[in-house]
Amino acid sequence: MTTYTIIDTPFGQITLFASEYYLQGIDLFNIQADTISQSSPITQQLSRELKDFFIQAHNAWSIPLMYAGTDFQQTVWQYLRMIPIGETRTYSEVASALNTSARAVGNVCRANPFPIVVPCHRVVSKAGLGGFAGKIEGHEMTVKQWLLDHEQK
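Per the numbering used here, the sequence shown runs over residues 1 to 153.
It should be emphasised that the hints constitute simulated quantities derived from the structure, not laboratory data. As the structure is a computational prediction, the values presented were derived from the model and not from experiment. Certain hints may be false.
The calculated SDA-like cross-link candidates involving lysine to any residue, where the alpha carbons are at most 20 Å apart (straight line), are [to be verified]:
hint, residue 1, residue 2
1, Lys-126, Ala-95
2, Lys-126, Glu-93
3, Lys-153, Gly-86
4, Lys-126, Ser-101
5, Lys-135, Arg-103
6, Lys-153, Asp-52
7, Lys-51, Arg-81
8, Lys-153, Phe-11
9, Lys-126, Ser-92
10, Lys-126, Thr-142
11, Lys-51, Gln-38
12, Lys-126, Arg-89
13, Lys-51, Phe-29
14, Lys-51, Trp-146
15, Lys-51, Pro-41
16, Lys-153, Met-82
17, Lys-153, Pro-10
18, Lys-51, Ser-62
19, Lys-135, Lys-153
20, Lys-126, Ala-104
21, Lys-135, Arg-89
22, Lys-126, Arg-110
23, Lys-51, Asp-8
24, Lys-135, Ser-92
25, Lys-153, Asn-30
26, Lys-51, Gly-69
27, Lys-126, Asn-99
28, Lys-51, Gly-12
Put together the whole structure using the sequences plus the hints.
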């Protein structure tokens, strides 16, 4: 059974999705008004870790993730988890490290089911922020900038 937990963050409410044993996803932007919030041990733990993250940025995520993606996507997501807090990489730098294209990296970032925990927000374009959650303007970009600024503290 999947549980859905809605939590408050400095940039609005987000939804955590979890099975009994794994985190299945984090949705930063699409809260359904009729979603019933049910906690589970996984979402309770992640809620605590996110609360700590919003006070002081960290990479100390202890919850198991249920990766549902291609081998290539999983390789990119694992690479993103190695980008240190307070640092960024360009799409081209990630692509070069993984012997692929910047566009492919951007597409994998767009499909990231675990934003913040898998820090796709740390991947930027050569000319600026790039995109976030498939958008290049609006609230999504405000959240990306907030996360980057928060991690610089």
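Point to revise | Index of numbered hints that the structure contradicts, given in increasing order | key: 19, 25, 26
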